[in-house]
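Participant: Each chain, written out:
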Amino acid sequence: MTTFHLYSFAAMLLAALGVYGLITRRHLLRKVMALNIIAGGAFLLLISTAYRNQGAFPDPVPHAMVLTGIVVAISATGFALALIQRIQKQLGQRPDQEAGDENPDQTETSRSGP
Amino acid sequence: MSLAPIFDILLITALLLVSWRLLGNSDLFQAAVLFISFGLFLSLAWVRLQAPDIALAEAAVGAGLTGALLFATLKIVEPKQGRSKNGAQPKSCRLDRAAECPGRMHYILASIFVLGLAGLLLTAVFSLPDTANGLAGLTSGFLAQSGVEHPVTAVLLNFRLYDTWLELGVLLLALLGVLGTRDRLGPQNVTAAQPPNPVLSWLVRGLAPFMLLATVYLLWLGDHAPGGAFQAGVVLAATLVLLWLAGLGSVVRMPRHAWLFSLVAGFSAMLVLALCTTLAPDAVALAYPQSWAKALILLLESVATISIGVILASLTVLVLAGEGEANGAGAAETDGKNGM
Amino acid sequence: MTHMLWVVLLPFLGALCCLILRGRAVAGTGILFSLAVLAVCTNLLPGIWTQGQIRVELGGWAAPLGIGLHLDGLGTFFLLLTAIVGVLVGLYAAGFFAQDKKHNAMGRHFWPIWLLLWGGLNGVYLCSDVFNAYVLLEVTGLSAVGLTVLSKTTASLVAGLRYLLAAMFASLMYLLGVGLLYAACGQLDFVLLGQDMTQSPATLTAFGLMVFGLLVKTALLPFHFWLPPAHSSAPAPVSAILSALVVKASFFLLLRIWFTVFPALTGQAGSSPVLPPGLFLGLLGGLAVLWGSLQAVRQIRLKLLIAYSTVGQLGYLFLIFALLSVSHGAGGGPSGATDWTAMAWTGTVFHVFSHGLAKAALFLAAGCLALAMGTDDLNAMRNIAGRMPVITFTLAMAGVSLMGLPPSAGFVAKWMLLRAALASGQWWWAVVIILGGLLTAAYVFKILAYTFVPSQDETVPLRPVPPAMTLTALALALLCAVSGFRAEEVIALLPHGLDGSPLSAQGGSP
Amino acid sequence: MQTFYLGVAAFLLLTMVVGLIRIFRGPRQEDRLMAMQLFGTTGVAVLLLLAAAFDASSMRNAALIFAVLAVLAVAAYARGPNRREKEIK
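Protein chains in written order, with the working numbering: chain A, 1438 to 1551; chain B, 67 to 406; chain C, 86 to 595; chain D, 228 to 316.
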């Protein structure tokens, strides 16, 4: 059991846990967190496999990929959280309004009014 | 015999424990706190696995921005929860009313699926060869020609520049998406929610110069050591968000044009490089001209740092400010003026 | 000849221009850039025609180290479809977003995001690197969500969030696969990976994860849950883009992953697994055809009906995996195997084309109706045929193509698939195709029936629809029909040289 | 010497794992937040120890970033009572 195995084992467990959370949790905020845990697992897998040739310097390509992945993850998370806020606000404003019976092509819906 | 395995096992236990609890039965505030701790433990893992670049990025994102984003959303989604004495189970989720309450079958199916997935993943991982045969050799072989001395920077800004360009596009898109759901175009005139805390503003006044210094330092570091545009950009973003929280000038006070320009600067710098290299008769697409590589990479990185900083800061400020600012009698008119 | 990178670069440049400009200039710039992109795409055609495929290494670094761009006949075809639909939807959007102040504000955001999306889509068709594909998937995913939520209605926000979560999940599964693949093979380029692909638990799992992620993105049956709400609640031009173009990008990547990266695992290189994975996909595809069409028949809102129709029509695309998985199974297969594999390829690619045009036409027409009547409820559409004949005609033309009736591109596509299914001895797929066609006919006639019913009560006043909107919808439907009338020319236009996959055997002329 | 550094790092990590109990049990939100802050501080120490153990000075920068940015989350939390409470109610 090398360090690589240990960490990639953890990575896969994290990914699986995240998938379970994503499927079974209902709250959207928790779903977003679950997605981030899957991302953490995927990143950990990449980095632990890059660590395999210890001694020599680790493979920089997975490191670059994970850096890219982190940027993507924070962007998507920020976007998702902003959407959650907006939905919460609109549902909170008009609690009797059922989601789904609005027509986007209609023009009269002015959302910004008080 | 080193103590490394003990450290590893402790770290992995912590990671799994945190994520288990985070997804399991904890109230949302606890989940947010656990999520930040998760980022912290992950960055310890990055350091342990000799990935200091990632550790820097994770420290900046996980400890700083994500926490701020989550707490802000939590306040709006569960306004009372953030204050409650003892975190009770959150009541029904209004955000997901369409979904039925998952029954037992749902959990069983999910468990079967996830167990299968985990089994597959673990078999796959344990069948991997013990030594890496990746591109490490090639990268170090061509490092001398790349214009920088740090291999990760070389990959990001030379060998795989196209990916980095697109990644800046992703960042830009996330912000555009958020702006699309708002009534205004930018974070301008978004004011701090309440009179700034004097202690905080005093603290930030002292801290901000150091953080700006850290930004420049990280940017400069990327040339030959872990660091670079992204890490520097996140620190810049955190600085800008802190400045906003303290009621000091930040992205919200930037003139619209300067703000727009800094949003697109990184993406368009790479676009200009692509444009020039495809138009020039004897140039290779997205390749730096000989002997200019070092200077151009530094330039691109500086511009990208500003873009990343401003984009992430605007995103965070918009989420932190919530919808409150656009919610008033004047919003409709401002929409007309500002949105066009 | 222009550089290949231009098909990515130009939309991005346009997006930046649209972002910085204000007012009326935005739409004008957007249309200008759309036309320029169409020109560049057409300009690439001669090169593909003569050379079969073009490859460019970016940054001057050869494949394992750098990222390559790789364009072949298949990619060109998707590029052209995107450009044609893109230009027409752009013209429509110029009218759509000029309606009033609220739409103006939407259009302000529409153009930059749409052009970025277009660049991302074009990037996918040039892509030759598994990680690059991940970044491009994120570009297309985030921009598609950004477009979905533009109208800011609660329904669209909820749908957009659901879409975002599904897209993030899908791309993370794909990324996990990329991680495993890189750990096992040590490189990222499509072609290089394909050349020395071996079967091991790691590569098999990577294959499964990547395919799984792309299936979620393409909304194949059990993973289609995010599609109908997102596609039906977006503004009309966005719905057209999402349904006609965005789902096709992940399907394209799936083709690449399946036939270029993992030929050894999918039975392409002679070795035949016990249960070909292609059969499984075909089965899901067949179920999707039936289930999606059935759901479409049950809908009462026009846009939701069209969105479910997308779920059904996408199912046809997956039949190719089943059709081709058998061909190499029993050593050589039936006589004339290359003949019907070529037919299967042509049918699938033609279906992508015809569905793209027809679905865009349907959504645009639905947008016109919704604008005129203020709702897209089918019950409100009584007697609309007499009052808006052009739109009704557009709906009918596009519907005919979806059903696969003769004078249309859809007919050619389904005919080819049908013949491929019969010639390969897999008649059960023919049954699926015919049943799907019948169900499609059911929902198309349902729409038309509502439009022809005379209304008892007094006629509701209709809002005027800008002619530009009506005409672009009509143009798409006509294009779909004309390409059916002139099928042989279009098939000849199907650029050849599909890098090792059977389309190259098909040659230029039928 | 490496063993010593690693040993101390492992010990600090152990205290963090034990500290998780405070996050799990609470009872107040502020307790959880404090535990998280403690993690931040201990994390900096662990990072510095690891930097010493692996003789990689570049890792100290991560500790620096950590120390500087830890204030952000708390500042976002402590922004006072949210005035949107009245609106949602």
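In case anyone wonders, no lab produced these hints; they're calculated from the structure.
Accuracy of the hints is not assured; some may be wrong.
Unchecked claim - Here are the simulated distance ranges between beta carbons: (1) 145(C) / 271(B): 53 to 61 Å; (2) 462(C) / 252(D): 31 to 39 Å; (3) 264(B) / 108(C): 37 to 45 Å; (4) 276(B) / 124(C): 48 to 56 Å; (5) 145(C) / 174(B): 52 to 60 Å; (6) 356(B) / 108(C): 13 to 21 Å; (7) 136(C) / 181(B): 47 to 55 Å; (8) 254(D) / 1463(A): 20 to 28 Å; (9) 315(B) / 108(C): 25 to 33 Å; (10) 195(B) / 553(C): 57 to 65 Å; (11) 281(C) / 196(B): 18 to 26 Å; (12) 140(C) / 235(D): 38 to 46 Å; (13) 235(D) / 181(B): 23 to 31 Å; (14) 271(B) / 252(D): 56 to 64 Å.
What the hints assert, rightly or not - To spell it out: a stretch of chain B is covered by chain C in this simulated footprint if at least three of its residues, at any positions, have a beta carbon under 8 Å from a beta carbon of chain C; those stretches are: (15) 110 to 118; (16) 203 to 213.
Glycine included, each C-beta is placed from N, C-alpha and C at the ideal position.
Participant: Indicate, hint by hint, whether the structure satisfies it.
Facilitator: Checked hints:
no.	hint	result
1	145(C) / 271(B): 53 to 61 Å	violated, 48 Å
2	462(C) / 252(D): 31 to 39 Å	violated, 54 Å
3	264(B) / 108(C): 37 to 45 Å	holds, 43 Å
4	276(B) / 124(C): 48 to 56 Å	holds, 52 Å
5	145(C) / 174(B): 52 to 60 Å	holds, 54 Å
6	356(B) / 108(C): 13 to 21 Å	violated, 44 Å
7	136(C) / 181(B): 47 to 55 Å	holds, 49 Å
8	254(D) / 1463(A): 20 to 28 Å	holds, 25 Å
9	315(B) / 108(C): 25 to 33 Å	holds, 29 Å
10	195(B) / 553(C): 57 to 65 Å	holds, 60 Å
11	281(C) / 196(B): 18 to 26 Å	holds, 19 Å
12	140(C) / 235(D): 38 to 46 Å	violated, 54 Å
13	235(D) / 181(B): 23 to 31 Å	violated, 38 Å
14	271(B) / 252(D): 56 to 64 Å	violated, 37 Å
15	110 to 118	violated (count 0)
16	203 to 213	holds (count 3)
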